[in-house]
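Whenever a hint applies, use it, and build me the whole structure from the sequences.
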Amino acid sequence: MLSQGISPDCYVLPSVVKATAGLSSLKTGVQVHCLAFVNGHHSDSLLLSSLVHFYLKCDRLMEARKVFDRIPRPNVVACSALLSGYARKGCVEETKELLGEAVEMGLELNSVSWNGMIAGFNHSRHFKDSILMFRDMHSEGFKPDGTSISSVLPAVGDLEMLPCGVQIHGCVIKQGLSQDNWVVSSLVDMYGKCARPNEMSKVCEELHEMDVGACNALITGLSRTGCVEGALKRFKQFKRQGLNLNVVSWTSMIASCSQNGKDMEALELFREMQMEGLKPNSVTIPCLLPACGNIAALMHGKAVHCFSLKNWVSNDVYVGTALIDMYANCGRIQLSRRCFDSMPRRNLVSWNALLGGYAMHGKTKEALEVFNLMQKSGQEPDFISFTSVLSACSQGGLTEEGKFYFDSMSKDYGIEPRLEHYSCMVSLLGRAGRIVEAYTMVKQMPMEPDGCIWGPLLSSCRVHHNLAIGEIAARKLFELEPNNPGNYVLLSNIYASKSMWVEVNSVREMMKSKGLRKNPGCSWIEIKNKVHMLLAGDNLHPQMPEITKKLGELRVEMQKSGYLPHTDFVLQDVEEQDKEEMLCDHSEKLAVALGLLNTSRGFPLQVIKNLRICGDCHAVIKFISEFEDREIFVRDTNRFHHFKDGACSCGDLW
DNA sequence: CTAGGGTTAG
Numbered sequence: 001m002l003s004q005g006i007s008p009d010c011y012v013l014p015s016v017v018k019a020t021a022g023l024s025s026l027k028t029g030v031q032v033h034c035l036a037f038v039n040g041h042h043s044d045s046l047l048l049s050s051l052v053h054f055y056l057k058c059d060r061l062m063e064a065r066k067v068f069d070r071i072p073r074p075n076v077v078a079c080s081a082l083l084s085g086y087a088r089k090g091c092v093e094e095t096k097e098l099l100g101e102a103v104e105m106g107l108e109l110n111s112v113s114w115n116g117m118i119a120g121f122n123h124s125r126h127f128k129d130s131i132l133m134f135r136d137m138h139s140e141g142f143k144p145d146g147t148s149i150s151s152v153l154p155a156v157g158d159l160e161m162l163p164c165g166v167q168i169h170g171c172v173i174k175q176g177l178s179q180d181n182w183v184v185s186s187l188v189d190m191y192g193k194c195a196r197p198n199e200m201s202k203v204c205e206e207l208h209e210m211d212v213g214a215c216n217a218l219i220t221g222l223s224r225t226g227c228v229e230g231a232l233k234r235f236k237q238f239k240r241q242g243l244n245l246n247v248v249s250w251t252s253m254i255a256s257c258s259q260n261g262k263d264m265e266a267l268e269l270f271r272e273m274q275m276e277g278l279k280p281n282s283v284t285i286p287c288l289l290p291a292c293g294n295i296a297a298l299m300h301g302k303a304v305h306c307f308s309l310k311n312w313v314s315n316d317v318y319v320g321t322a323l324i325d326m327y328a329n330c331g332r333i334q335l336s337r338r339c340f341d342s343m344p345r346r347n348l349v350s351w352n353a354l355l356g357g358y359a360m361h362g363k364t365k366e367a368l369e370v371f372n373l374m375q376k377s378g379q380e381p382d383f384i385s386f387t388s389v390l391s392a393c394s395q396g397g398l399t400e401e402g403k404f405y406f407d408s409m410s411k412d413y414g415i416e417p418r419l420e421h422y423s424c425m426v427s428l429l430g431r432a433g434r435i436v437e438a439y440t441m442v443k444q445m446p447m448e449p450d451g452c453i454w455g456p457l458l459s460s461c462r463v464h465h466n467l468a469i470g471e472i473a474a475r476k477l478f479e480l481e482p483n484n485p486g487n488y489v490l491l492s493n494i495y496a497s498k499s500m501w502v503e504v505n506s507v508r509e510m511m512k513s514k515g516l517r518k519n520p521g522c523s524w525i526e527i528k529n530k531v532h533m534l535l536a537g538d539n540l541h542p543q544m545p546e547i548t549k550k551l552g553e554l555r556v557e558m559q560k561s562g563y564l565p566h567t568d569f570v571l572q573d574v575e576e577q578d579k580e581e582m583l584c585d586h587s588e589k590l591a592v593a594l595g596l597l598n599t600s601r602g603f604p605l606q607v608i609k610n611l612r613i614c615g616d617c618h619a620v621i622k623f624i625s626e627f628e629d630r631e632i633f634v635r636d637t638n639r640f641h642h643f644k645d646g647a648c649s650c651g652d653l654w
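Using the UniProt record's numbering, the first residue of the first sequence is number 1, and each one after it goes up by one.
It is possible that part of the hints are untrue.
Unchecked claim - Only pairs whose alpha carbons sit at most 25 angstroms apart, straight line, appear in this in silico BS3-like list of lysine-lysine:
#, residue 1, residue 2
1, Lys518, Lys476
2, Lys66, Lys18
3, Lys143, Lys96
4, Lys310, Lys530
5, Lys302, Lys530
6, Lys644, Lys550
7, Lys202, Lys239
8, Lys549, Lys528
9, Lys528, Lys622
10, Lys302, Lys528
11, Lys89, Lys128
12, Lys550, Lys528
13, Lys233, Lys279
14, Lys302, Lys644
15, Lys376, Lys365
If you're looking for bench data, these hints aren't it; they were derived computationally from the structure. Predicted, not measured: the structure shown is a model, and the values here were computed from it.
In structure tokens form, the structure reads like this:
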């Protein structure tokens, strides 16, 4: 149009401005603004109105206001846009002032104006103001419509606000909006956040025809209240009934599974959704990837990575971050790094994912390098970054450096230490054998220590055979988490290592009287795209005879080279010979043996375990890594062990 | 011929 020599008038310009707002391109919009100005359109209301909207879209509140003030006779539309803009930014005072000015100018506000402010305040997390606006709207004589309801409901996010939510539900019924799908979705979401599963179902049942949005909110709500089984049941039921489930439905269900320990189900759902002809998007991928990481399903994870490359979502910052996390959890920290380096954009979470990965792998030097690098790149660390830094120092035995970072955190960064930071410090001091110092720190903490403090203290007492402090820590843990069998096992391990069998027995009696049993050890290993689960003392796996035979052969080889079993990891007071046999059926050994049997020499294995790896298994796997020429990754609840050529990356300290 | 508001997945 311009190259034809036609100068744009005040009719076409608002459309052009709208297009630039859609692009969120500040530069282009400003050019159009200039163009309008030189063409003499200084004071056209509609044009200036569209510019107000444009500047708001680009997050330029001041400019938007300046343009608004040049409108000769501002109308409701422009004013409403500015009002919602102020609310979106959380400018409560400005919103109220402008509201006053609007009345002075004689502007008649309408529902759209109110709804914009209500939604805006929720956007800026000013939930109370959102609800106040909803009330004001009502007292100004406006009846809430469907938009008002779904705009205000996100303000009700917890039990404290539930009474407000119930009142709003009352409005819904009174205004006859019970069949409005958007309203119902928001209501279900609200009851889900307030942990009211019965109310969720009730609202859905009252719908004449179930809506996919309400279904999605229901699935998320059920999983949020810890009921994945229920969510899966409803999901299958809706699918059977022929409800048109969309990407959001499938993604919600996948997220719900991967967040609640149903990792295999999440992978299966991903496959199914594609068979149903639905295309996973850039949200589906980061919902699914944690499932791969949780069970160290590296092949599945790589397949998902390929999928994201093929479908052009791999540049998404959430996808990239989830990939970093997945590879780290699958034992491939170098691949995490490669993903990180190839990301076009990163945020705090991406940096923390890499930092946490290095910490979990005990790569202290790399973790500290990344910590420096992130700051050089202008990314401020947060409390999570410090948790990883301290944990890395603890894993690497950098006691003094750890103390330095701990002090620096509050002094130089203004981040007050939380429980998890103290927890790292207890591990840090404890592993250095400075048990008394660790205990002193616990006693001086400004907050009440919980299980994440006493637990590591007890563990280090177990490693360093400190009976006195171990007993104190154990007593606290028995109060705080009476049903956690691990604590009883640790204390009895300390007694057992000192041959105090009477005490060992009394701890075992305590466990028995509470009906507690030692948590069954459980390991997973992925072989040729199939994930195998092995339990301690497993008899179910079809290859069990071969596994036992393999382990027997290995034991003979080990004894030839002077290996002695670490029998103090066996709880029971039994004969030495039996103890050795008990060590032999630990699940991590079974998983490694299964891997050896089913893959060719030189192929790396990765195993994950639901408890901490035991000292004997650690020694055995070190031997295997050399004897069988295998790299073996074992992830336990605490960290990664990378076995290679007879040594472990943890340096035998964990 | 032109300008304004909402829910459900990370």
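Okay, the hints, checked on the actual structure:
Restraint check for Lys518 and Lys476: the C-alpha separation of about 19 angstroms stays at or below 25 angstroms, so the hint holds. At most 25 angstroms may separate the alpha-carbon atoms for a hinted pair to count; Lys66 and Lys18 meet this at roughly 18 angstroms. Under the criterion of a C-alpha separation no larger than 25 angstroms, the hint pairing Lys143 with Lys96 is consistent with the structure, at around 21 angstroms. Between the alpha carbons of Lys310 and Lys530 the distance comes to roughly 23 angstroms, so the proposed pair stays at or under 25 angstroms and holds.
Restraint check for Lys302 and Lys530: satisfied, since their Cα atoms lie roughly 14 angstroms apart, inside the 25 angstroms limit. For the given pair, Lys644 sits about 20 angstroms from Lys550 by alpha-carbon distance, which is consistent with the 25 angstroms threshold. With a C-alpha separation of about 20 angstroms, the suggested pair Lys202 and Lys239 falls inside the 25 angstroms cut-off, and the hint holds. Between Lys549 and Lys528 the alpha-carbon distance is near 22 angstroms, which keeps this suggested pair within the 25 angstroms criterion.
Using a Cα cut-off of 25 angstroms, the hinted pair Lys528 and Lys622 holds, with the two alpha carbons roughly 24 angstroms apart. Straight-line distance between C-alpha atoms of Lys302 and Lys528 comes to about 13 angstroms, which keeps the hinted pair within the 25 angstroms bound. Note on Lys89 and Lys128: the hinted pairing holds, with a Cα-Cα distance of about 15 angstroms set against a maximum of 25 angstroms. The straight-line distance between the Cα atoms of Lys550 and Lys528 is roughly 20 angstroms, inside the 25 angstroms bound, and the hint therefore holds.
This hinted pair checks out: Lys233 and Lys279 have alpha carbons roughly 23 angstroms apart, not beyond 25 angstroms. For the proposed pair Lys302 and Lys644, the alpha carbon gap of about 23 angstroms is at most 25 angstroms, so the pair holds. In summary, the hint linking Lys376 to Lys365 is supported, as the alpha carbons are separated by about 17 angstroms, within the 25 angstroms threshold.
Of the numbered hints given earlier, the model fails none.
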